[in-house]
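So the sequence shown is numbered by the working numbering: it starts at 1 and just counts up by one.
Don't take every hint at face value.
Below, in silico cross-link-like pairs of lysine to any residue (SDA-like), each with a Cα-Cα straight-line distance of 25 angstroms or less [claimed, not checked]: (1) Lys66 to Ala145; (2) Lys96 to Tyr52; (3) Lys96 to Ser47; (4) Lys105 to Ile117; (5) Lys42 to Thr180; (6) Lys42 to Glu181; (7) Lys142 to Gly120; (8) Lys102 to Glu160; (9) Lys7 to Lys91; (10) Lys42 to Ser4; (11) Lys152 to Leu168; (12) Lys7 to Leu151; (13) Lys138 to Ser31; (14) Lys102 to Ser35; (15) Lys138 to Asp68; (16) Lys42 to Thr99; (17) Lys102 to Asn169.
The calculated label-pair distances, taken between Cβ atoms and stated as ranges, are [what the hints assert, rightly or not]: (18) Leu189 to Gln36: 16 to 22 angstroms; (19) Asn40 to Lys187: 17 to 23 angstroms; (20) Arg9 to Gly147: 36 to 42 angstroms; (21) Leu65 to Leu90: 17 to 23 angstroms; (22) Glu2 to Gly32: 35 to 41 angstroms.
These aren't lab readings, by the way, just hints derived from the structure by calculation. Using N, Cα and C, we set each Cβ at its ideal position, and we do this for glycine too.
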Amino acid sequence: MEISTLKTRLAKLILERCFRYADRPIFKLASGRMSQYYFNCKPVTMSPEGMYLIGELIFRLVSSLKPDAIGGLTLGADPIAYAVCLTSYLKGSPIKAFTVRKEPKEHGTKQWIEGNIKKGERVVIVEDVVTTGSSTVKAITKAQAAGLEVLKVIALIGREEGGRGNILNYADFECIFTKTELLDLRKGLCTPE
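Based on the sequences and whatever the hints tell you, model everything.
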């Protein structure tokens, strides 16, 4: 399947299952800001079709970088990383998955990062939605503190609220969709016939 076809289907799923809109700002974001728009990507990132589409798209975006692993801050990044991990194995070019905890483990080794990764490995950080980028920056800094080389950051949705600039201070950044692209597509889908 071509990238444009994968993206079109993924956008449709996101708009059907993940997008919420209100006439006034009623949605509180992780950043603390209030917004008229809200994207909860889990209904897509945790669905069979969503995982297939995401795995294919992101694998194609990162395969030329030859990363050792892919992951990010739990919970938003987890299903994305797992989808890419499985896709990479099926394509004969395995990329491991890892998770960055929100807090270090309180027992055992007290790790921030879980997965079969080693110091010096090259990684891609993923995120479902980027607003200010603070969660993504946390994942980047924890990965770097563990001795990992961050090659790139990829988000499903960039809300265009400062996140890109904040992340670019640490790593290259790309999003599959911007909020504007999805809202424009939504307008096109909702126009009367």
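Broken hints, numbered, in rising order?
Hint check: nothing fails, all pass.
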